[in-house]
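*Asks:* Sequence:
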Amino acid sequence: MNFQPDIPIGQTKEDIRQREQIIKDFYAMWIAANPTKHVFNRELNDFIHIRFLSIQETAEHAAFTYKSTLAVTFLTEILERARVEKHVKSKINNQNQKRFSEMIIMQFNKKEFGKIKLTVGVLKGSRKNIQYCITAIEKTTNNPPRPGNSH
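Heads up: take any position in the sequence shown, counting from 1, add 5, and you land on this note's numbering.
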């Protein structure tokens, strides 16, 4: 599947709106090419399923940055190859996480791109793994800015 959108790099409301639409369009193409809407993850030894919530949550969060929007286009590779970082309880006060018994924080290191975070929700009852959100992990530091590098 060849998806090469012209992703806006700015931070205006219009740029973010356009990136959100690009993510939704990508998922529509991906689902058309993958009608089962799931991919087998090697580490979990189970399928990760795509649902409407996957698209909604990812579009809402990944659209904030160019890099996260671009990361979404590696969806199949991320779902197949992401590795478990940790299991955490779902946030009780988060409406979108109420249906999950736990959240699995996973990570995929994409060569020549960097680290991508995949959050998977484990449905209460069926225990199905649902892709919850994908975002690029930007380089962060707790160090104070060096002199001459602060804005």
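Worth flagging that the hints you see were computed from the coordinates, not collected in a lab. Certain hints may be false.
In silico PhoX-like cross-links for lysine-lysine, where the CA-CA straight-line distance does not exceed 25 Å [what the hints assert, rightly or not]:
hint : residue 1 : residue 2
1    : K91       : K103
2    : K120      : K72
3    : K129      : K91
4    : K96       : K115
5    : K94       : K120
6    : K103      : K129
7    : K91       : K144
8    : K72       : K91
9    : K122      : K144
10   : K91       : K18
11   : K144      : K18
12   : K91       : K115
13   : K72       : K18
14   : K42       : K103
15   : K122      : K18
16   : K18       : K42
17   : K103      : K72
18   : K129      : K115
19   : K42       : K133
20   : K129      : K72
21   : K96       : K133
22   : K18       : K29
23   : K133      : K91
24   : K129      : K42
25   : K116      : K133
26   : K103      : K116
27   : K133      : K72
28   : K116      : K94
29   : K18       : K103
30   : K115      : K144
31   : K42       : K120
32   : K94       : K133
33   : K42       : K115
34   : K29       : K122
35   : K103      : K144
36   : K29       : K115
*Asks:* Of all the hints numbered above, which does this structure not satisfy? Sort the numbers upward.
*Replies:* 4, 10, 16, 17, 18, 20, 25, 26, 27, 28, 29 and 35
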